[in-house]
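Chemist: Below are the chains, spelled out letter by letter.
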Amino acid sequence: MESEIIRAAALLGAGICMGFGAIGPGIGEGFTAGKACEGIARSPENAGLLTRTMLVGQAVSESTGIYSLVISLLLIFAV
Amino acid sequence: MFDTFSLVHVAAYLGAGLAVGISSIGAGIGEGYIAGNANIAMMKQPKSNDILLRTMLIAQAITETGAIFALVIAMLLLFGGSIVPDAGWQRIASLFGAGLVMGAGSLGTGLGIGYAGGQACQGIGRQPRESKVLTANMLIGQALSETSAIFALVIAMLLLYSTPDGNSIVKSFAFIGAAFAMGFGTFGPGFGIGIVAGKAVDGISRFPKQSSILVRTMFVGAAVSESTSIYALVIAFLLLFVA
Amino acid sequence: MKKKSKKALLIILAIIIIEGILSIGLNHELQFGFDEGKFVIRNIESEKSIQDQINHEFQQYHMIKLFRKFTINWSVLRVILFVDLFLILFAALVRRKMHLIPGKLQIVAEMIYSFFSSLVIETVGEKKKYFTPYIFTIFVFIWLCNIVGLIPIPGNLEPTRNLNVPLGLGIMALIVVHYSAIKEKGIKLYLKEYAEPIAFMLPINIVGELAKGISLSFRLFGNILGGAIIILVVSNLTRFILIPVGLNLFFGLFIGTVQAFVFTMLVLSYTAVAIK
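Chains as they are written, first to last, in the working numbering: chain P, 1 to 79; chain E, 1001 to 1243; chain D, 2001 to 2276.
Keep in mind that the hints are not guaranteed to be accurate.
As a list, the in silico DSS-like pairs of lysine-lysine whose alpha-carbon atoms are at most 25 Å apart [unchecked claim]:
#  : chain 1 : residue 1 : chain 2 : residue 2
1  : D       : K2104     : D       : K2003
2  : D       : K2188     : D       : K2276
3  : E       : K1132     : D       : K2004
4  : D       : K2104     : D       : K2185
5  : D       : K2276     : P       : K35
6  : D       : K2004     : D       : K2104
7  : D       : K2192     : D       : K2276
8  : D       : K2128     : D       : K2276
9  : D       : K2129     : D       : K2185
10 : E       : K1132     : D       : K2003
11 : D       : K2129     : D       : K2276
12 : E       : K1209     : E       : K1132
13 : E       : K1044     : E       : K1132
14 : D       : K2188     : D       : K2128
15 : D       : K2188     : D       : K2127
16 : E       : K1047     : E       : K1209
17 : E       : K1209     : P       : K35
18 : E       : K1044     : E       : K1209
19 : D       : K2006     : E       : K1132
20 : E       : K1132     : D       : K2007
21 : E       : K1132     : P       : K35
Listed next, the stretches of chain P that the computed footprint assigns to chain E, with coverage defined by at least 3 CB atoms under 8 Å from CB atoms of chain E [as the list claims (entries may be wrong)]:
#  : segment
22 : 24 to 30
23 : 51 to 60
Don't read these hints as lab results, they were simulated from the structure.
Glycine included, C-beta positions come from ideal geometry on N, C-alpha and C.
With the hints as constraints, model all of the structure from the sequences given.
Modeler: Pasting the structure below:
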C-alpha cells in the first residue's frame, strides 16, 4: 500500500512537473520569435543574424523545458 | 460519508465546470481583443469595413474553437453515459482529469489565437490592400496554435473513453498527472505561438514585401515554441499507457 | 491563373474522395447491415476499445533478427527503403533527361533545389554552399517519410512515427554541426566556446547542446505520432467516415511539410551558429 502511494505520487508529480514546466518556455520562446519577426520586418537585411540569435535564445529558453522532461521521465521510469 | 457513486457525480460535474469555465477565460479575452482591434481599424479605414467585419468574424470563430471543444467535453461528461453506478476510483480520476485537461488546454490557445486575430485586424486597418495575404497568414498561425488545443482534446477523449473500472491508486493518479501535464503544458505554447503569429502578421502589414521571409521565420519560431507541448504530449501518453 | 487554382482544387477534392474510399475499403473491415431497424455501417476493428488499439499502435512493429544478433525493425525499414528507392528513381529520371530548356520534371526538381540553395547561401554564406546537398536531402527524406502515410496501404506507417528514426536523424545532424564547427575553428577555440561567457556556464552550455538534439527529434516524433493517434481516436468516434480523411490531410500534408521544413531550417541555423 505504502509503495503504491509513493508510486502514485511520483506519477502525479511527473504530470505536474511537465505541465507547469512547459508554460514558461512556451511563452518565452513565442515571445522571442515574435520579437524576431518584428526585427526582421524592420531590417530585412539582417534576417540571417536575427534568425540565428532567435534560435540561440530559444535554445537557452528551451533548456528548462528539457529539465522538466528529464525529471518527468525519471519520475515515471526510475522512481 | 461519500460512496463512489456520488463521487463519480462530483467528478463529472466538477470536470464539466472546470472545462467550460477555464476555457471561456481564454476565448473571451481573445475575442474581445479581436473585436477591439477591429473597431480601431475601422475607425482608421471606414471604407474597408466589410473586409474588416469578415476578418473579425472568421478570427473570432476560430478563437471560439477551443471553447467549443470544452463544451463538447462538458456535454459528454454530463450526458455521455460515463456516470455509472459502481465505478471505481480510476473512473472518478479520469472524469475529473478530462475536464481539467480540456479547460486548461484551451486557455492558452484562446489567448494566443485572439492576439493573432487582433493583430491581423490592425494590419488590415493599416494596409487594406494586403488583406488576403494577412488573413491567410493569420489562419496559418492560428492553425499552428490550435494544434496544442487539439492535443488536449485527444487526451481528454482518451481519458473519457478508455476507462477500465478499477481501484488502482497508481493508475488513478497517473490519469490526473496526464491531465495536469497536457492541460497546463498547452498554455505556454498556445499563447507563445499566438504571439509569433501576431507579430508576423504585424510585420507583414507594415512591410508587405518581406512577407516570404517573415512567414518562414514564423514557421520556425512557432515550431520551436511548440516543442514543449510535444514533450507534454509524450509524457501524457506515457502516463496513460505505459506507467 | 484562376483556371489553374480551380484545377488544383479539383485535384485536391479528388484526392480526398479517393483517399476516403480507399481508407475505408482497405485499411479496415467494414460491415454493412441492419441493426435495430436502422441501417448502419459498422467497423469491426472499432469494436475493440480505444485502449487496445493504441496499445496496438505502440506494438505493431514487426522485428526480425539479422545474423542472430542485430534486431531490425522491418516495418519501419521497409517504408524507409521504399522512400529511398523512390528518391533514387526520381533523381535518375531527372538526371537522364537533363536539358538546357528544362522539362516539367526538371523544373520541379530545379525549383526545390534552388530554393534550398538560396536558403543555404543566405544563412551560412556563399563560401559554405557545399552544405546544400545535405540540407536538401534531409528535407526531402523527412518530408517523404512524413507524407508516405497518406498512401492507404495496410501496414504503411510513417517511419518518423518511431522515435528511433528522428533520433537517428537528430544525432546525425548534431555530428555534422559539431564536426563542421571543429573543422572551421580548430579544436582549441571550439572547446573554449563552452566556457563562454564565463567558466561557470560550462554545464549549462553542455546541456544546451544536448537539448538541441533531444528537441529536434522529439518535435518531429511527437507531431507525427500525435497526429496518428488523433486520427485513430477520431476515426473511432466517427466510425471512419469523412472527418478522418480531412484530419489525415491536415496532419499528413500540412504538419508533415511544416515539421520537415522546420527540422531542416533548424539544422541549417545550428550549423550557421556553430561555424560563425
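Chemist: Next, verify each hint and record whether it holds.
Modeler: Now for the hints, and whether the structure bears them out:
1. K2104/D to K2003/D: 19 Å, holds
2. K2188/D to K2276/D: 15 Å, holds
3. K1132/E to K2004/D: 18 Å, holds
4. K2104/D to K2185/D: 43 Å, violated
5. K2276/D to K35/P: 22 Å, holds
6. K2004/D to K2104/D: Holds - the C-alpha atoms of K2104/D and K2004/D are around 16 Å apart, at most 25 Å.
7. K2192/D to K2276/D: 14 Å, holds
8. K2128/D to K2276/D: 11 Å, holds
9. K2129/D to K2185/D: Cα-Cα ~18 Å, so holds.
10. K1132/E to K2003/D: This hinted pair holds, its Cα atoms lying about 19 Å apart.
11. K2129/D to K2276/D: 14 Å, holds
12. K1209/E to K1132/E: 14 Å, holds
13. K1044/E to K1132/E: 19 Å, holds
14. K2188/D to K2128/D: 22 Å, holds
15. K2188/D to K2127/D: Distance ~23 Å between K2188/D and K2127/D Cα, so the pair holds.
16. K1047/E to K1209/E: The given pair, whose Cα atoms are some 24 Å apart, holds under the 25 Å limit.
17. K1209/E to K35/P: 18 Å, holds
18. K1044/E to K1209/E: Satisfied, since the Cα-Cα distance of roughly 22 Å is no more than 25 Å.
19. K2006/D to K1132/E: 18 Å, holds
20. K1132/E to K2007/D: 20 Å, holds
21. K1132/E to K35/P: 23 Å, holds
22. 24 to 30: holds (count 7)
23. 51 to 60: holds (count 4)
In summary, the one numbered hint that this structure violates is 4.
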